[in-house]
Amino acid sequence: MKKDELIHMWQEGNDRMYRDEKTDRDMITQYLGEKTLKGNRSINFNLVFYGAVQVANIIMLSMNLAGYLNNPAMIWILISQLAITIGALVFGMDVFYKFREINNYSDTLQNLIRKQLWFYRRPYEVWLVLASVSAIILMTNVNLYIDNDNGSYVINNKVMYVGVTLGALLIIYGTQKATSLLGLRRLKGYLADLQQGALDQSERLERSKRRHRWLWVVLFLLLTASLIFGILTAVK
Amino acid sequence: MSKQVPDKAYFVEMVYTHMGIIYKICNLYAAEEDRDDLKQEIVYQLWKSYPTYRGDSKFQSWMYRVALNTAMLGLRARKMKYTRLSDQELTISEDPYETLDNDTRVGQLYGRISKLKDLDKTIIFLYLEQCSYDEIAEITGISIKNVSVRLVRIREKLRARLHIQNPVS
Numbered sequence: 001m002k003k004d005e006l007i008h009m010w011q012e013g014n015d016r017m018y019r020d021e022k023t024d025r026d027m028i029t030q031y032l033g034e035k036t037l038k039g040n041r042s043i044n045f046n047l048v049f050y051g052a053v054q055v056a057n058i059i060m061l062s063m064n065l066a067g068y069l070n071n072p073a074m075i076w077i078l079i080s081q082l083a084i085t086i087g088a089l090v091f092g093m094d095v096f097y098k099f100r101e102i103n104n105y106s107d108t109l110q111n112l113i114r115k116q117l118w119f120y121r122r123p124y125e126v127w128l129v130l131a132s133v134s135a136i137i138l139m140t141n142v143n144l145y146i147d148n149d150n151g152s153y154v155i156n157n158k159v160m161y162v163g164v165t166l167g168a169l170l171i172i173y174g175t176q177k178a179t180s181l182l183g184l185r186r187l188k189g190y191l192a193d194l195q196q197g198a199l200d201q202s203e204r205l206e207r208s209k210r211r212h213r214w215l216w217v218v219l220f221l222l223l224t225a226s227l228i229f230g231i232l233t234a235v236k
Numbered sequence: 001m002s003k004q005v006p007d008k009a010y011f012v013e014m015v016y017t018h019m020g021i022i023y024k025i026c027n028l029y030a031a032e033e034d035r036d037d038l039k040q041e042i043v044y045q046l047w048k049s050y051p052t053y054r055g056d057s058k059f060q061s062w063m064y065r066v067a068l069n070t071a072m073l074g075l076r077a078r079k080m081k082y083t084r085l086s087d088q089e090l091t092i093s094e095d096p097y098e099t100l101d102n103d104t105r106v107g108q109l110y111g112r113i114s115k116l117k118d119l120d121k122t123i124i125f126l127y128l129e130q131c132s133y134d135e136i137a138e139i140t141g142i143s144i145k146n147v148s149v150r151l152v153r154i155r156e157k158l159r160a161r162l163h164i165q166n167p168v169s
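So the protein sequences, as listed, match chains R and Y.
FYI, the numbering used here numbers position 36 of the first sequence as 36, with every residue one higher than the one before it.
FYI, the numbering used here numbers position 122 of the second sequence as 122, with every residue one higher than the one before it.
Hints were generated in silico from the structure; no laboratory data involved.
Bear in mind the structure is a predicted one, so any value in this text is a computation, not a measurement.
Idealized CB from N, CA, C, for every residue including glycine.
Careful, some of the hints might be misleading.
[Unchecked claim] Okay, the calculated beta carbon distance ranges per label pair:
id: 1; chain 1: R; residue 1: L215; chain 2: Y; residue 2: S57; range: 44 to 50 Å
id: 2; chain 1: R; residue 1: G87; chain 2: Y; residue 2: T17; range: 45 to 51 Å
id: 3; chain 1: Y; residue 1: T52; chain 2: R; residue 2: F229; range: 52 to 58 Å
id: 4; chain 1: Y; residue 1: G141; chain 2: R; residue 2: F229; range: 50 to 56 Å
id: 5; chain 1: Y; residue 1: G141; chain 2: R; residue 2: L219; range: 35 to 41 Å
id: 6; chain 1: R; residue 1: R185; chain 2: Y; residue 2: K58; range: 32 to 38 Å
Same shape as in the complex, but just chain Y (with noise of 0.2 Å):
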């Protein structure tokens, strides 16, 4: 049996319809100067990835789940520039979301977030993207519950940092 070619045409357009997905995870896990390359690795192992995308689960959430492999994996087989721990307080200033857009609270949160340790930052990347608690579960291969307990933390956290009251419900 012939192994079935990818159509590559397709490939590129579903790529470039969520090609938002790309831009954020650059911007949440890669340095400035990396970003560009993480950009292309990423693309890359989508591709390399796509014959084994078998159409049961959305497009969306399987690139979801490679540019966060490729992110978090990538960067640290390639010894690409993360964010550390012990960086984290001294980086402030570096943050690009936070230059270009000091006054607002969104460029604060993109600076909080780009701080958290990877499994958070994961975590609340895909519940900010609106995935459910079984997608987020599905990609990083954590329990729901864990990822229930998780948010939760991870959000106060936010909400204080960012002065954000509770929401109502």
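Chain R on its own, in the form it takes in the complex (with noise of 0.2 Å):
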């Protein structure tokens, strides 16, 4: 049978690429060492920011169980925090361990997207409420160990108290989870548009974006105006 000709003149090409392009054995090299650098840092940044949170919640916490020995509300309280923080470090460390793993390029195509969309549905989902709730027991822990009265600790308004608590709690998980939406939208797109062999689903994801643009600028002033409110009742 005759070769196809598309083949004849792909290897046509192929003889040209080669005349222009030079990369030897130490460039290879070279180019392990810079990557492997690059990569180990984005890493070694998110795994150190989560762990940091969770240490200084197990230190504050620790310093607060101490503080408050003798009120056993506060004890039970400081231990259920405890325990949650404890669980968050250890499903964070496994988060960050099958992270690396569906990163891991060489899976099929199909496979690495499945299962990258699995971590984006399901275990990082998790890890986003549990980074929320982290932050909100670093900030509660931080109070309880200034505001230490002979162990006990008052709250003028609980009704306040409970609002803001869970409006802290709100906002960082808000934040979060609308910074991870759209990477996770454009990879749902992605894999459709492999399953079907067409680009019209980021392609509308793409529009979407651009449509959607101006609320990010709202939003951004808004929280810029309402910060520099509260910096102002504060300095009054």
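Quick one: dock chain against chain with the hints and give me the complex.
In structure tokens:
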């Protein structure tokens, strides 16, 4: 059978390409060094940041456990928080292990995208909640430490306290969720593209992103205004 | 049991031998200014995935898989430029092969392939690299039947655009 002319043309093109490209063994070795550093740095940053919050929580909780030792109600609250923190630390380590696994590109493309989707729909969603809860635990324990009055802690306005804590939790979670949402939608769209063999869905997402850009600007302006207002009120 | 340490010198030699695969993928999937980054990224991902290479498939097939996955997922993850459907008609003259080699059909072939959708691009690329249907299906994760159907369609499209007659058996 005569060989496909397209293949002949392709091989001819390759000959042209090899003439121009120059990558020797030293350059390949150099690429490994440079990229290994970059890759490790990005993984380490997330790992260190999340781990640092958990370690800070454990330290603060230990100090508060000592400070509120004679307050049985507080002891139970602090022990519950400690259990959540240790759980979050272990879960976080598992999430980062899984994250490294799904970025191993030696699997088939379809499997890889399915695995990534599963990761972002399941463990990553739980991780977002735990990261937000961890930030609230840290915030609460700093307050408990500062306002420790001989083993007792007074909340003047319980409704306000619960409201502010829940509000902070929602804002932290919402910000993280909003940031991750776009990436996840893209990934879903891309999987659908691969299945259908078309880029229509990705294109639609890009258009939707451009359409909703003004919403992000308004949100940013509102948050900046509220921050300035908060600072001015505090200074007065 | 201790983890086996990968042989770096052997790895570098193998990648050097098959460096053509990386050049071709970079030229098909990345804009000119992103090609060097993608080349480095592919070499890095190959090294990262190397411990999982068990030697039960050809090094070349494994390399195609990792490199293509990096080009498609890595490019998008890092927001590097990629050819989109809406841009395709607008960027014809920017294609490096068309500008370098505008008069030949080889240049046109590169130009046409780089404008295909990602999965079609991968399938025709592997076909032109003379991978078997089994290998193409294994690398992409789609069925052999699907590979076959798509290839017929893509080749017809390319031949029509390049004014090539169907091969004679």
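For which of the previously enumerated hints does the structure constitute a violation, in increasing order of number? none
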